[in-house]
Amino acid sequence: MVEETNQDSSAAMQRRKSLPSLVFHFLAGFPLATVLMLILLLQTWLATLEQVDYGLHATLRKYFDPQAFYIIGELRLPEEIGGLALKIPMPGGYYVLGLFFINLLLGGIVRARKGWSKVGNLISHAGILLMILSAAVTERTEKRGTMDFFEGETSNTAQDYYEYVVEVSEHTNGAPKEVHVIRGNYLADLRGESAPVRKVLLPSLPFDMEFTRYAPNGRVMSVSEMAPPAGTPVLDGYYIFDRPTNKATEIDVAACYAKISPRDASSIPSFILSGDVFQPHTVKVGERTFTFHMRKLLWPMPFSVKLDKATAEYYPNSTKPKKFESIVTRLENGSEAKVEIKMNEPMRYEGLTFYQRMMGRENAQLADSRPYSQLEVVKNPADQWPFYSLWVVTVGLLVHLLIKFYVFVVRINKKRANQPQR
Amino acid sequence: MPAKTHSLWTRIVAVLVILTVIVTLFFFMVKDMTPKGEAINIKEYTPWEQESVRLMDKLVLRDGGRVKPFSSYAQFSMLRLRGDRKIEITLDSGEKEKIQPTEWLMDCLFRPQFAIEMPSFRVDNAAVIESIGLKSHGRRDRYTYKELEPGVEKLFELAQSYEKIEEKKRDAVQKMTIDLAYNVRNYQFIISYFAFARGGVEMKSANPDGSSRFTDFSTVMGTAPMILQMAQESQGTGAAIPENLQSLLQQVLDGSNYAKYGLLMIPPDDKALADWRSAGDRIMDVMSGDLKDPSAAIADIKALESLARKAMSPQAEFRKELSAVVKRFSDRATERGEYRAIDAENLYNRKNFTLNAMVCFLLAMLVSIGMWFLVLVESPKRIVKIAYGLSLAFVLIALGYMFVGIGMRSYIMWRPPVGNLYDTIIFICAVAVAILLLIEYFIRERVALTLCSVLGLALVLLARRYEVGDAKDHMDPLVAVLNSNYWLTTHVITITMGYAAGLLTAFLSMSYVVMRALGLGADGKRLLRLITGAAYGGLLLTLLLSLVGTVLGGVWANDSWGRFWGWDPKENGALMIVLWSLIMLHARLGGIIRDWGFHLASMFMSCIVSFSWWHVNFLGEGLHNYGFTSGKGFIWIFYGGVMGLIIFGIAMWLAEKIKDFSDQANNKTEGEQKPESVTANS
Chain A
467 MVEETNQDSS
477 AAMQRRKSLP
487 SLVFHFLAGF
497 PLATVLMLIL
507 LLQTWLATLE
517 QVDYGLHATL
527 RKYFDPQAFY
537 IIGELRLPEE
547 IGGLALKIPM
557 PGGYYVLGLF
567 FINLLLGGIV
577 RARKGWSKVG
587 NLISHAGILL
597 MILSAAVTER
607 TEKRGTMDFF
617 EGETSNTAQD
627 YYEYVVEVSE
637 HTNGAPKEVH
647 VIRGNYLADL
657 RGESAPVRKV
667 LLPSLPFDME
677 FTRYAPNGRV
687 MSVSEMAPPA
697 GTPVLDGYYI
707 FDRPTNKATE
717 IDVAACYAKI
727 SPRDASSIPS
737 FILSGDVFQP
747 HTVKVGERTF
757 TFHMRKLLWP
767 MPFSVKLDKA
777 TAEYYPNSTK
787 PKKFESIVTR
797 LENGSEAKVE
807 IKMNEPMRYE
817 GLTFYQRMMG
827 RENAQLADSR
837 PYSQLEVVKN
847 PADQWPFYSL
857 WVVTVGLLVH
867 LLIKFYVFVV
877 RINKKRANQP
887 QR
Chain B
4 MPAKTHSLWT
14 RIVAVLVILT
24 VIVTLFFFMV
34 KDMTPKGEAI
44 NIKEYTPWEQ
54 ESVRLMDKLV
64 LRDGGRVKPF
74 SSYAQFSMLR
84 LRGDRKIEIT
94 LDSGEKEKIQ
104 PTEWLMDCLF
114 RPQFAIEMPS
124 FRVDNAAVIE
134 SIGLKSHGRR
144 DRYTYKELEP
154 GVEKLFELAQ
164 SYEKIEEKKR
174 DAVQKMTIDL
184 AYNVRNYQFI
194 ISYFAFARGG
204 VEMKSANPDG
214 SSRFTDFSTV
224 MGTAPMILQM
234 AQESQGTGAA
244 IPENLQSLLQ
254 QVLDGSNYAK
264 YGLLMIPPDD
274 KALADWRSAG
284 DRIMDVMSGD
294 LKDPSAAIAD
304 IKALESLARK
314 AMSPQAEFRK
324 ELSAVVKRFS
334 DRATERGEYR
344 AIDAENLYNR
354 KNFTLNAMVC
364 FLLAMLVSIG
374 MWFLVLVESP
384 KRIVKIAYGL
394 SLAFVLIALG
404 YMFVGIGMRS
414 YIMWRPPVGN
424 LYDTIIFICA
434 VAVAILLLIE
444 YFIRERVALT
454 LCSVLGLALV
464 LLARRYEVGD
474 AKDHMDPLVA
484 VLNSNYWLTT
494 HVITITMGYA
504 AGLLTAFLSM
514 SYVVMRALGL
524 GADGKRLLRL
534 ITGAAYGGLL
544 LTLLLSLVGT
554 VLGGVWANDS
564 WGRFWGWDPK
574 ENGALMIVLW
584 SLIMLHARLG
594 GIIRDWGFHL
604 ASMFMSCIVS
614 FSWWHVNFLG
624 EGLHNYGFTS
634 GKGFIWIFYG
644 GVMGLIIFGI
654 AMWLAEKIKD
664 FSDQANNKTE
674 GEQKPESVTA
684 NS
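Those sequence lines, one after another, are chains A and B.
Residue 467 is where the first sequence starts when you use this note's numbering, and the numbers rise one by one after that.
Residue 4 is where the second sequence starts when you use this note's numbering, and the numbers rise one by one after that.
Hints listed in this document are in silico derivations from the structure and should not be mistaken for laboratory results.
Backbone N, C-alpha and C fix where the C-beta goes; we use that ideal spot for every residue, glycine too.
Just so you know, not all the hints are guaranteed correct.
With a straight-line Cα cutoff of 20 Å, these simulated DMTMM-like cross-link-like pairs (lysine to aspartate or glutamate) come out [claimed, not checked]:
| id | chain 1 | residue 1 | chain 2 | residue 2 |
| --- | --- | --- | --- | --- |
| 1 | A | Lys-788 | B | Glu-341 |
| 2 | A | Lys-786 | B | Asp-473 |
| 3 | B | Lys-149 | B | Glu-133 |
| 4 | A | Lys-786 | B | Glu-205 |
Label-pair distances were calculated between CB atoms; the ranges are [what the hints assert, rightly or not]:
| id | chain 1 | residue 1 | chain 2 | residue 2 | range |
| --- | --- | --- | --- | --- | --- |
| 5 | B | Ile-650 | A | Leu-867 | 47 to 57 Å |
| 6 | A | Leu-550 | B | Glu-98 | 57 to 67 Å |
| 7 | B | Gly-594 | A | Arg-657 | 19 to 29 Å |
Chain A on its own, in the form it takes in the complex (with noise of 0.2 Å):
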């Protein structure tokens, strides 16, 4: 009778909880604590697995797309078993990771229970969501790229990993003026037989331009080589290929078909613009020289950064590499620094990082031919928050651990010592 009557107050006081209230326990639960986290570990195993199929770049853009609300993940069983692809439809990963951040939020640290023996709780979820907050920032403020040098040559641009720009610029006197960027993410989706044309002003140059099937992986095919199929624009005997992108996105290079729409009514004829082409394309409109140039989007650093020396060991008698390391000088405002940039040990200044990537020689068959580094530069505001989450979340479960472990053995004592002799 006594369980009857509470079952009946708690369920009389469920009824009176507000919507406000509900709406809060629920974001607040452990069950959907438990069903996000589930989902997390389900796209993280999926995503781990399509990387083979179709690289790593490819697969992250589809699971964390902030524009995909929902996914259809694959999972391919072995080919001993038919190899055949299941189809499993699941919320965008970017929407799970944020609603979990309200849970945390809400469940780990407001609505949780505070004291002594909760402390490494709390502790620990401050540290995690401020570890999902670093991948947030870093999602939307991270710039990536690279910048290459030969020994003795000074740098101070970097070149973007992934995007590729159209750059237009007037030639004075064989130098180029000022440069006009159009962003290659502007052009992204002009793909395929259909793609519109898409017009792009310049005010103030005499002409603005337009621009049509845009191809991320795009070869510049000459019509002998091979036949263009159906329906493809062909220029002066070439033409756009299409390319699948590769499973390394980095290395592909963009093409698109370019058209100037001069103001003063003349008539240009239209061309290809590519990234495979290391000579701009020059066109002259009424008297004056503009050059049309696609490459990776270039940004400029706050100092150079000039490399003085260029260090590629390897273990004696193998091709195994022992040591990268680049020493090189950094130029700012008339002072200069010495600065070693090794694996594992970059170069951290005013906000920008520069990490060791790849080393060469201009020819590789002669072994005292000019040898040349390539740093990774990389801006990004939460650099160091992981670092700290570390230490946060590392405190956490250990004083957690630790009150755990000192209540086991409390526990175990105790019954040893109410347990009669055996």
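Given chain A's structure and the hints, the job is docking chain B onto it.
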């Protein structure tokens, strides 16, 4: 949660599960320790004396980027070709003799006439043998070089054509053909290495009567300036090089080419040079006129010639020459600071720590089984205690072997103990057993001690089988990006300990399921609660180590590759362990799962750990990829076994639920009937 309420069938199934695990482990161990194939007879074969073998082990060479003793080189060469560390042969006297790696390689180098009769090549598919026009022994077997020799040309031809096929598209036979071709090619270089010393150089028309005379390579090397001058003069005048000079040069080229590959056993006498030289390199260094002072090089070759020629002499004479060669090269290596851990490595190779640990774990397991039998038949406590002590002693000795072995490897490699997959197996084994012993110390219920032996034996077997399958020296130095003692100590050790904690937690849960099914223990309820407590602690430890290890890895990746998280399969695997631990904890805290659910989920943790630790290597993607495929079948057997156990657990759980339901129904019926009877009575 009543104890001892299970039916006979339940107990039979549980006992069958345990026995299957034990028999499987035992089978693999026996297989591991038994030499493959029948002992063959090699006529007139005399075994190498141990003194000669020990002396040979002291010879050093550079291989895989490091300086190592002859014993290590021999061991991995033999594993690569034969897939085993011993060959059993029958002597003319009828006695059986086990040929160990050093002896095998000594035969290959110094007595190839015996070596080519040893079954040195493992071929796992008869189709490979048949495709080169030879008759196979069976589906998989070992072959001597003498047997393979008629098909070698065809083998090389086929391998060359298969190499043109993209690696991922090659079928098993094509891959094996390529592997066999490489092995045969390497073997040919080994058995021909000292051909220059055995044959010498034929000096055509050197005698006054116009007949030929044989001389040493070292003697020819002494006249290199003169020979070079003669050759240059001929070229200068445009005249053809004299026939006898041409023949001499050709023989020198052939001899040096055979002695050029592998066995870089000569440390350079010039300390500024880093690369070690093979005998062939040394001959060509002199003959090409590259050395200002060729005297040391000529003396090196002369010492090797003297050694090779004593191979068939009484072994004391052979040892005298060998001793001179070993001293010559080891002194030079010592002067260069490259002989630091050679004696330690020889000791490590001789002591065979993992094999000894394996035997101790097996003994501990057998004693533990006996102990549980004694418990079941309610034997006197004193006898049970003796069995307990014995099992504990074997586990402690095995653990001692493991830790000493790991420590010695660390000293030899001069880096923290975990740097490659092999290191992780033995490290996980040692850590998991140590933690289980700690758990046993607290709960003292024999369960964790028994698990020590089972898990220890399973992991040592895995280490040995992986070593055979991979056949690579796992003490070779690490590539630049991994070569960081700080990160190897922090991230790698933490994450590896996380794997160990995850596995032992899963094993504790397996024991829970089996014990609950069997109704073992005097006070089953108490024992099961203790196991649950220990598994819960293990889960927290898994979470702590995996999470900290994963984030440390992220911080390392941020310093070396420029990103905290790269969705690399290995990183994802570690994240999956963290997520699964968190799911279990939150599901338990939220009341979604209770004891049964917790242990079933915990058993599944072993699959996630295996995926992260082992399976991701098969994907061939990412920066952590070790690029191996051996053991692919084993992982599916493991998944299958765990899933079978989980299904068994679910069945037990359902059976308990049904029983509880029917008990409740019976009690209710009894409760309803009772008042009636009371009324009747009253």
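Structure versus earlier hints - violations, ascending order:
4, 5, 7
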